[in-house]
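Using the hints provided, position chain C relative to the given structure of chain E.
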Amino acid sequence: MTLLAVENLSVRDQAGKALVEDVSFAVAPGDRTGLIGESGSGKSLTALAVTGLLPPGLTATGEVLLDGVDMIRAPERRRTGVRGRVASVVFQEPLTALDPLMPAGRQIAGPLRRFGGLKSAALDQAVRAALEEVRLTDTDRIARAYPHQLSGGQRQRVAIAMALACRPRLLIADEPTTALDVTVQAEILDLLDRLVEVHGTALLFITHDLPVVARVARQAHVLRAGRIVESGPITSLIARPANPYTRTLVDSARRFDAALTGAGRPSQGPDLEGAGHSSHHDAPRTDDSLSGAPRTDAPRTDDSLSGAPRTGGAPRTDGAPRTGGDSSVNDLGADDPRSGGGHFEGDGGGGGGRE
Amino acid sequence: MVAVSEASILEADRVGFAYRGGAPVLSDVSLAVRPGRNVALVGESGAGKTTLLRILLGLARPTSGVVRFDGSPLNRARLRSYRRAAQAVFQDPYSSLDPRQRIGRIVAEPLRGLGLDADPKRVATALDAVGLPADTAGRYPHEFSGGQRQRIAIARAIVCEPRLLLADEPVSALDLTTRVRIVDLLAELRASRGLTILLVSHDLGVVAELCEQTAVLESGRLVEQGPTQQILGAPTHPYTRKLLASVPRLPS
Chain E
856 MTLLAVENLS
866 VRDQAGKALV
876 EDVSFAVAPG
886 DRTGLIGESG
896 SGKSLTALAV
906 TGLLPPGLTA
916 TGEVLLDGVD
926 MIRAPERRRT
936 GVRGRVASVV
946 FQEPLTALDP
956 LMPAGRQIAG
966 PLRRFGGLKS
976 AALDQAVRAA
986 LEEVRLTDTD
996 RIARAYPHQL
1006 SGGQRQRVAI
1016 AMALACRPRL
1026 LIADEPTTAL
1036 DVTVQAEILD
1046 LLDRLVEVHG
1056 TALLFITHDL
1066 PVVARVARQA
1076 HVLRAGRIVE
1086 SGPITSLIAR
1096 PANPYTRTLV
1106 DSARRFDAAL
1116 TGAGRPSQGP
1126 DLEGAGHSSH
1136 HDAPRTDDSL
1146 SGAPRTDAPR
1156 TDDSLSGAPR
1166 TGGAPRTDGA
1176 PRTGGDSSVN
1186 DLGADDPRSG
1196 GGHFEGDGGG
1206 GGGRE
Chain C
12 MVAVSEASIL
22 EADRVGFAYR
32 GGAPVLSDVS
42 LAVRPGRNVA
52 LVGESGAGKT
62 TLLRILLGLA
72 RPTSGVVRFD
82 GSPLNRARLR
92 SYRRAAQAVF
102 QDPYSSLDPR
112 QRIGRIVAEP
122 LRGLGLDADP
132 KRVATALDAV
142 GLPADTAGRY
152 PHEFSGGQRQ
162 RIAIARAIVC
172 EPRLLLADEP
182 VSALDLTTRV
192 RIVDLLAELR
202 ASRGLTILLV
212 SHDLGVVAEL
222 CEQTAVLESG
232 RLVEQGPTQQ
242 ILGAPTHPYT
252 RKLLASVPRL
262 PS
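Chains as they are written, first to last, in my numbering: chain E, 856 to 1210; chain C, 12 to 263.
It should be emphasised that the hints constitute simulated quantities derived from the structure, not laboratory data. By construction, the Cβ of each residue, glycine as well, lies at the ideal position given by its N, Cα and C atoms. Check each hint, because a few of them may be wrong.
From the derived model, a few chain E residues whose C-beta atoms are all more than 10 Å from chain C [said to hold, decoys possible]: (1) Ala883; (2) Gly885; (3) Leu913; (4) Glu931; (5) Gly965; (6) His1003; (7) Leu1046; (8) Ala1080; (9) Gly1087; (10) Asn1098; (11) Ser1107; (12) Phe1111; (13) Asp1112.
20 Å max Cα-Cα, derived EDC-like pairs, lysine to aspartate or glutamate [claimed, not checked]: (14) Lys253/C with Asp1036/E; (15) Lys872/E with Glu862/E; (16) Lys253/C with Glu1042/E; (17) Lys132/C with Glu120/C; (18) Lys253/C with Glu199/C; (19) Lys253/C with Asp1045/E; (20) Lys872/E with Glu918/E; (21) Lys872/E with Glu154/C; (22) Lys253/C with Glu55/C; (23) Lys132/C with Glu172/C; (24) Lys872/E with Asp886/E; (25) Lys253/C with Glu229/C.
Chain E extracted, bound-state conformation (with noise of 0.2 Å):
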């Protein structure tokens, strides 16, 4: 049976308008599943959705069935006991997911205390194992500690610690390595890679970032601007995106992940000026522009891949996307730059900013 079945999702605020639309996938036991989409795709309030936690204004439609609960009809009482216990939450920043008045260990203690109904030594007990299981290990001083007194890293444990104290069989984890240094986010990904791994837990993770979804995710679904533009398995999503705004997203996470392959490449250094024009994916970007010609004539590293329209200072086509903010000359000019935002009233974010 499916875990976690969403059928036509679709939300709305106030005014009507459409910020997640017809959006359909499930989740079996054990998956994992990655969201994918740049600010204003939709991606947070199809967690919230799912869970049931839409801020007051928004309003779902469609379908939500976790575990059997529907999510957006059924009492506010059972849906209650759906979360915690079915599915919880790992958001991304910990500093406001914490209770900035109450220590760690309490906070941790919440959910075993009211889902698992434990009391005094043996809740104790759990809190200390929930903080052990999380790699914390000074178990004693965190569970005393105020979230201000612990690091991005602790924090992010401590949430995973609460978020999986009661075992749930999905484990929702809304960009949770975002605000992280990128050690950090290693460790993080790391840990709940195995956690999941170890209790079996499904995990539906919600990002913008290509190479961190696809190291803990094996399906994915590709959202922009409120829908579903490509799924499947991660590896050929990026492998071979069909999807235009698929391929410029891994277009633009390639052309990073290529340039560090260049730049470890000693044949290719910024000053042999030629070595960008050959057409190969990882000739690193640096090349072209110290030799004085503008970007714009030469090759990008990953035309060969995509097909897709240069941006920069050359007018940009359609392949592009509209999410994500940052128009260029010629759209600009032809309609209000507000349109190009993505701005969501809703999530009161803006256009280019990580949500």
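Chain C in isolation, oriented as in the chain E frame:
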């Protein structure tokens, strides 16, 4: 080690910084920015990147060591000429633009501050250089998306035609596809205006794209610096290696 060179636009020579009674935030940092060679300052939270940038911008004074601009120490008297030569772009384009001012006024701010002629033509030129139409000048920041705002912040930084751009995580708050376009823009400005960039970033992919030199800061010390190719290709310091190994990569 960076050799003291007359050719450097900007140079930190054994710079240290500590808050009163506190542990040092920066120790013995030496770094030089030469014309035409972009420098990346890489490190994680708490490494001291922002403190170093504040010192290099002349916004904070080092507790030891010296900052040189065009070869001589940067002091109050030279701050104005330094400001003409070096401008800054910050991470968050939502907090770096005054929401109550029109873009034209925001972009002209360095001209006014430096007592230069705040000619609307110069504003228009700067907006054009960052790929925004001239009518942008009459609008307010809230009308723009994150990437567009960062273009505005860059227009403000280049309006007085500086030689050096100090950019603190200029693309970190942007979506991936937007990030590519802003990196392209910076590379283009560098080619067309002879701008040199000091880029503070934790994103090694962006560093590899934009900078010839890389300096790695860990807990207030420069643990490794040199050509980006060498630092990213054959890192010698364990911290640099860890940093590189942590970067999530696309499956090949």
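Here is what the structure says about each hint:
{"no.": "1", "hint": "Ala883", "result": "holds, 23 Å"}
{"no.": "2", "hint": "Gly885", "result": "holds, 21 Å"}
{"no.": "3", "hint": "Leu913", "result": "holds, 21 Å"}
{"no.": "4", "hint": "Glu931", "result": "holds, 34 Å"}
{"no.": "5", "hint": "Gly965", "result": "holds, 28 Å"}
{"no.": "6", "hint": "His1003", "result": "holds, 15 Å"}
{"no.": "7", "hint": "Leu1046", "result": "holds, 13 Å"}
{"no.": "8", "hint": "Ala1080", "result": "holds, 13 Å"}
{"no.": "9", "hint": "Gly1087", "result": "holds, 14 Å"}
{"no.": "10", "hint": "Asn1098", "result": "holds, 13 Å"}
{"no.": "11", "hint": "Ser1107", "result": "violated, 5 Å"}
{"no.": "12", "hint": "Phe1111", "result": "violated, 3 Å"}
{"no.": "13", "hint": "Asp1112", "result": "violated, 5 Å"}
{"no.": "14", "hint": "Lys253/C with Asp1036/E", "result": "holds, 12 Å"}
{"no.": "15", "hint": "Lys872/E with Glu862/E", "result": "holds, 19 Å"}
{"no.": "16", "hint": "Lys253/C with Glu1042/E", "result": "holds, 11 Å"}
{"no.": "17", "hint": "Lys132/C with Glu120/C", "result": "holds, 14 Å"}
{"no.": "18", "hint": "Lys253/C with Glu199/C", "result": "violated, 32 Å"}
{"no.": "19", "hint": "Lys253/C with Asp1045/E", "result": "holds, 15 Å"}
{"no.": "20", "hint": "Lys872/E with Glu918/E", "result": "holds, 19 Å"}
{"no.": "21", "hint": "Lys872/E with Glu154/C", "result": "holds, 19 Å"}
{"no.": "22", "hint": "Lys253/C with Glu55/C", "result": "holds, 12 Å"}
{"no.": "23", "hint": "Lys132/C with Glu172/C", "result": "holds, 13 Å"}
{"no.": "24", "hint": "Lys872/E with Asp886/E", "result": "violated, 32 Å"}
{"no.": "25", "hint": "Lys253/C with Glu229/C", "result": "holds, 12 Å"}
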